[in-house]
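Let chain A serve as the given structure and place chain B on it in line with the hints.
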Amino acid sequence: MSEHQSQRKTPAQKTLDLISAILTDNPIYKSIFRTGYPSTLLKRMAVMRSSFYMHIFPTKVGEHGLRLRYSWCMGGITFFLFLLLTLTGVLLMFYYVPEEHRAFNDMKDLRFMVPFGVILRNMHRWAAHGMVLAVMLHMMRVFYTGSYKAPRQFNWVVGVLLLLFTLLLSFTGYLLPWDQLGFWAVTVGTNMASASPLVGYEGPFHELLGVQVDNDIRFAIIGGTRIGPNALVRAYVWHCVGIPLVATLLMVFHFWRIRKDGFSGPL
Amino acid sequence: MVEQELRSDKSGYMLMNKPGYPRVSSWPNLVWVIFLMMLFITILLWGVSFLAYAPLEEMAEWAKTPNPAKAPWYFIGLQELLVYFDPWIAGVMLPNQILIGLMLIPYVDITPAEQGHYGWSKRRFAVAYFTFGMAFWFALIFVGQLLRGPSWEVYWPIIDYDLTGHTWTREGVPLKQGALKLASLSTGTGMALLIGFFSIGMILPFMVTKLFPKSRMVQELDGYLKELGYIKYFVVQSHVLLMVATVVKIILRLGFNIKYIIETPWFKI
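From first to last, the protein sequence lines are chains A and B. Under the numbering used here, read the first sequence as residues 266 to 532, first letter to last. Under the numbering used here, read the second sequence as residues 11 to 279, first letter to last.
No wet-lab data here; the hints were simulated from the structure. Possibly wrong hints are sitting among the right ones.
[Unchecked claim] Distance condition first, Cα-Cα at most 30 Å in a straight line; then the derived DSSO-like pairs of lysine-lysine: (1) A:Lys-373 <-> B:Lys-80; (2) B:Lys-74 <-> A:Lys-373; (3) A:Lys-525 <-> B:Lys-132; (4) B:Lys-80 <-> B:Lys-278; (5) A:Lys-525 <-> B:Lys-242.
Just chain A, same shape as in the assembly (with noise of 0.2 Å):
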């Protein structure tokens, strides 16, 4: 505030003024944010410079990087409903085992049992419906405005791979419940992996390589010949820990090569 405005204010402005400087002007916010209040320009570069998590946007954006009707806010809804589903899905590993006998039974404890455990797993699974349906909106919306063009071709193959990741991030996640719905939508997934050419027991060929029932592509992913307890366990540890790992690394790569590049902007 330059001094002429300053002299204008009401008696509310300057006791919220007030309250504020008490808040931010002093030595413990600054040294967690390490920048007072962004009340000017400077200061409001300086917040997003100096914070770690803000320092992955630009201090300025190009108008239409706010513009809705352009983004559709999708890369960044997608994102979101990511962190929600680490968020959700750390929780929902505290009752979760994923053992033959007592998956299903957990199931029904966050049902009945667990507090707020409907509304925990309720939340995972529309999130990850959520999830695949943004990330293929996005898609389509950076297809749309030509966004994958130079200088950004490389950003767009890794987005594939992050979609191609996302569909696998839901598809191991649909076996844990250990119901009927998961078990047999991932027995009917994982029998295509049997028909690949020359390494599925199914598939055109595999005599070529001696690929049999129980030394094939699908044995390899499902960890036997029929969807069981260690078919359970793989798709809890890929689904928990593998995929996310790589997706994340995906994600970093992703995003900085969008700070780097900057938003796709009208011509």
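Then chain B, alone, in the frame of chain A:
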């Protein structure tokens, strides 16, 4: 206003990289949008989670096969393709080719300046092809998820079927799919058809440019082909033909009861 002025400048630079382009500080403008988006999604998700239970059926049992057993919705398009193709095509080759094709898009696109805005006047082919592909994908999901009932027959979505049995037949009504007599083409015809389709498809655009050199649309196509070059043309056209072939196979199966175009002891197409 500023945007219109900058847009009229035809120097070819992206608008956002020009000096006069309006910029605002990220704090609070961008941070505010992100915060509101997070709030909106959280509330929406909470609302949905309060209203709708996550599905949970009875405990998994190997001996009780549901009819139909459906893949998750995002993979059901591939399962729907199983009606028309063997699993090694529907479940392995086509999804891999879709992913590879998607990744190749930026490397075969030759209109680098057309970005940062919606609009299809200068990239008609790209937009039409991508839109058709997406529509095809979601149409398969729609049919597989909502219109397929027991034994993967076509049913209306509002009718509730008894899914507990191992097989499903209504008394006196044979399964439609089972009642169908499907035939395959002879190996010679099938090979000729397949090779003919792909070779004619490959040279068709060039033939069109030779046959109708006066039409304005064809002249546009000619310019596009020249700019594309042979390697990129081959990559693009093989993907286009693959998608068209998928549609053609569906038509052959539904309209002419043809099961396979090529039948060999090792693989069937």
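* State the violated hints by number, sorted upward, taking the hints as numbered earlier in the document. => none
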